[in-house]
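S.K.: Sequence:
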Amino acid sequence: MDDGDGGGGCVGGGGDDDDDDDDDDDDDDDDDDDDDHDDDDDEDNDDENSENDNTQPHCIVFSIISLQVDMRLKTLSLSGTKLNVRMVTPFLSTEPSTSEYIESIKVSAGSVTKVSAPTLLETFNKWVTEQTTLPNHDHAMLFTSYDLIPSLDPNIVTTNNTRGLAYIGTVCRDQSVSLVEDLGAFQSENVATHELGHSLGALHDGDNNLCRSNDRFLMSTGSFPQTPTNALHPWLFSSCSSTYIAQYLSQLRQDSRECLLDASGTEVNTTITVTAQTICENFFGDGAFPCRNFTDFSEICTDLYCRLPNTSVCQRVVSASGTCCGNGKMCVAGNCTDAPDGDYECPLGDQPSITLNGEMTTCAALNASYCYVEDLSKACCATCQDLQSGLDGCLYGDKQLGCQLSQCGTTFATSGLSYNFICCGTCNNIGCVDKTSFNVAGEGGIEIVSAFVNELMNRGTNYDCSGLIDEAGKYICYEEPVHVEFCCQECERLRDKENEGIGGYYRNTNTNNYRSVNDNKHPRSHNHHGFCNHDQAVYDR
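The sequence shown begins at 12 in my numbering and counts up by one.
The set of hints was computed from the structure by calculation and includes no laboratory data. You may find that some hints are simply not true.
Quick list of in silico lysine to aspartate or glutamate cross-link-like pairs, EDC-like style, CA-CA up to 16 Å [what the hints assert, rightly or not]: (1) 137 with 114; (2) 446 with 501; (3) 93 with 273; (4) 446 with 475.
Build the full structure now, drawing on both the sequences and the hints.
M.R.: Encoded structure:
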């Protein structure tokens, strides 16, 4: 692949009845991750400095691409013959001097560099033929980000928009080369497979055969509408392709051309995971993100739409194999399948920006109550996961803003809904933490409207919650500063839930039985929040 100048080349080795090539493809893409794409963009051509070190970034990228091509080749029906893709050594060219075959024929058109695909196919084939240091291989495939110009030559087959180019039926013969225009984000794996199919003797579906291009198999002539029937076809070869390739392999045997039987290179066995966010960013740039226009995460395996940066436009791309598509699931060949490991409850992550009350903001600024809104919980799934309360029926706490503890136990006049249901977080003291030390009055202390405070103040004691309640009695929890701010956990533990009434924590009653410091039975008159006097309270002495 090419980052501006040059192009990236790979050569593929053979194996037992095995066809090797290294390719990248761009039609219906199928996989890879963030780092792989970045390396892809650097993956510009043969480089004499690229040693046979398959741990180099560009080698890893091509390894993953060859894995995807291999997966597609496995869908051929070849009567007992199996083709395997093995990558030999990818060559990276970052200097024009090492890729004269493309640099000498490119044409600049504004910010776009164009290359005649037929001419490049010839010059690349000539370059491969003249090389004496290339490892043994069955097919050489060139990846470039230059814009390939289509050809009118009837002897050369091109994909729609000239995304790739190859000679027909040339594997194990002269001209076993092909081109792939790689736009990154692993959107070119199908193009690579398509061109390799041509090199193995396959014609386009619908080209004097009974198969139809609009069925969208790998050897289709272009893009056609997706239907429930053909949604997975971009990962499959048609029966016509299987017939063509089987006939070509048979002819190779008759001609004693057995290059495919001589295994070389490394068989790739790699499982990778990638996020839809990574694919969108790598393909469309910073600011792009997956559109949330689906009803089921599994849909992204065939229909991943990316929001273009700074627009409201969503454009379709193809998910890579390994894209997270649900809890413990990932995309493989268009299907959402069980993943070997990992937690994918939020496969798309948070959307980078959201619109809330007509203004742009981020998920980090979201109040938990907004997570009850389906569209927002989907756009901010990671944030909403962190905001979960763990309480049954009250997943994100209060269901609206502005809840007040003093209203718990009432109903909303307009809707008739229970205040405790809507304000379940407030009425269940979600998130409260008892203070460990405080004065009853003074700076940082509890201000209690009761004559009993004077007695506690005179003691000059620092309290924790258990000490305060032990000293004053459980009814001290009726004081709102106590049960809301200072001792919410301890008061919640002591609450008489079976007899609760107004306030959610308390029956429709008021205690006038605070203990006296000097007399545990000494009653104190108290009227709190307008509750009526009653001889039984929520907090039993």
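S.K.: Work down the list of hints and note, for each, if the structure agrees.
M.R.: Status of each hint after checking the structure:
| no. | hint | result |
| --- | --- | --- |
| 1 | 137 with 114 | holds (14 Å) |
| 2 | 446 with 501 | holds (10 Å) |
| 3 | 93 with 273 | holds (14 Å) |
| 4 | 446 with 475 | holds (7 Å) |
Violation of the numbered hints given earlier is absent; every hint is satisfied by the structure.
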